[in-house]
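Asks: Sequence:
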Amino acid sequence: KAFSEGKRKSRKHWGSGFRKAFLIYSSNLYLMGDKVYVSESSLGKGLFALRTFQKGGKILDIKGSMFKIEEEKIFNKKIIANSIRYDKKRYLSPENEFGDFLNHSCNPNAAVRKIGSKLFLFAIRKILENSEITIDYSTIIAKDDNWKMKCKCGEEKCRRVIAKFKNLPSKLKKEYISQNAVPLYIR
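The opening residue of the sequence shown carries number 1 in this note's numbering; numbering runs sequentially from there.
Worth flagging that the hints you see were computed from the coordinates, not collected in a lab. Among the hints, erroneous ones may be present.
Stated by the list, open to error - For each label pair, taking beta carbons as the anchor points, the in silico distance ranges come out as:
{"id": "1", "residue 1": "Met66", "residue 2": "Asn146", "range": "27 to 33 Å"}
{"id": "2", "residue 1": "Ala81", "residue 2": "Glu155", "range": "18 to 24 Å"}
{"id": "3", "residue 1": "Asp87", "residue 2": "Asn167", "range": "18 to 24 Å"}
Claimed, not checked - Capping the alpha-carbon separation at 20 Å, the derived lysine to aspartate or glutamate pairs in DMTMM-like fashion look like this:
{"id": "4", "residue 1": "Lys45", "residue 2": "Glu132"}
{"id": "5", "residue 1": "Lys171", "residue 2": "Glu156"}
{"id": "6", "residue 1": "Lys114", "residue 2": "Glu129"}
{"id": "7", "residue 1": "Lys164", "residue 2": "Glu97"}
{"id": "8", "residue 1": "Lys173", "residue 2": "Asp145"}
{"id": "9", "residue 1": "Lys55", "residue 2": "Glu175"}
{"id": "10", "residue 1": "Lys118", "residue 2": "Glu97"}
Note that the structure is predicted; figures quoted are calculated from it, not measured. A virtual CB, placed ideally from N, CA and C, is assigned to each residue, including glycine.
Working from the sequences, and respecting the hints, build out all of it.
Replies: Rendered as structure tokens:
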């Protein structure tokens, strides 16, 4: 959204000078990388695409610090709410990283995938430049997680509540599984 205001040169003409100037003059930009940036969204701050991503394309590595379920009580509620299930016993907290700004949508355009020992964000449909990148939080909430929240995504088919993957309608679960949008330890 921050980029869509006013005319600008095509991306191939951007240089470090443009990026520095943009960072200085844009009050809406919080964090910028090579493929994504963080800016204001309808839900606060969100993660946006600096370029178009095709379906199946890798968007970014999700970085952060790991913690075990037993340690959950030592973290503040914001860290826990923004954490991503890493495996059966651990979570990854992307605090102050791009993953920290992933918002939920009941009609997401991206998903978290675990490959080897890393978490990645992939496009599950085409994502246009300057579009917000969203995931369905239910795809990262396992059976034993005790977490749910009211949904404010505003999508036409909004489910109104974000809860565990196992609570999703059967048809939607099958769709997400076919898109490889749900890690095995969540199913």
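Asks: All hints, please: hold or fail.
Replies: Hint-by-hint comparison with the structure:
no., hint, result
1, Met66 / Asn146: 27 to 33 Å, "violated (20 Å)"
2, Ala81 / Glu155: 18 to 24 Å, "holds (20 Å)"
3, Asp87 / Asn167: 18 to 24 Å, "holds (21 Å)"
4, Lys45 / Glu132, "holds (10 Å)"
5, Lys171 / Glu156, "holds (17 Å)"
6, Lys114 / Glu129, "violated (25 Å)"
7, Lys164 / Glu97, "violated (24 Å)"
8, Lys173 / Asp145, "holds (17 Å)"
9, Lys55 / Glu175, "holds (15 Å)"
10, Lys118 / Glu97, "holds (15 Å)"
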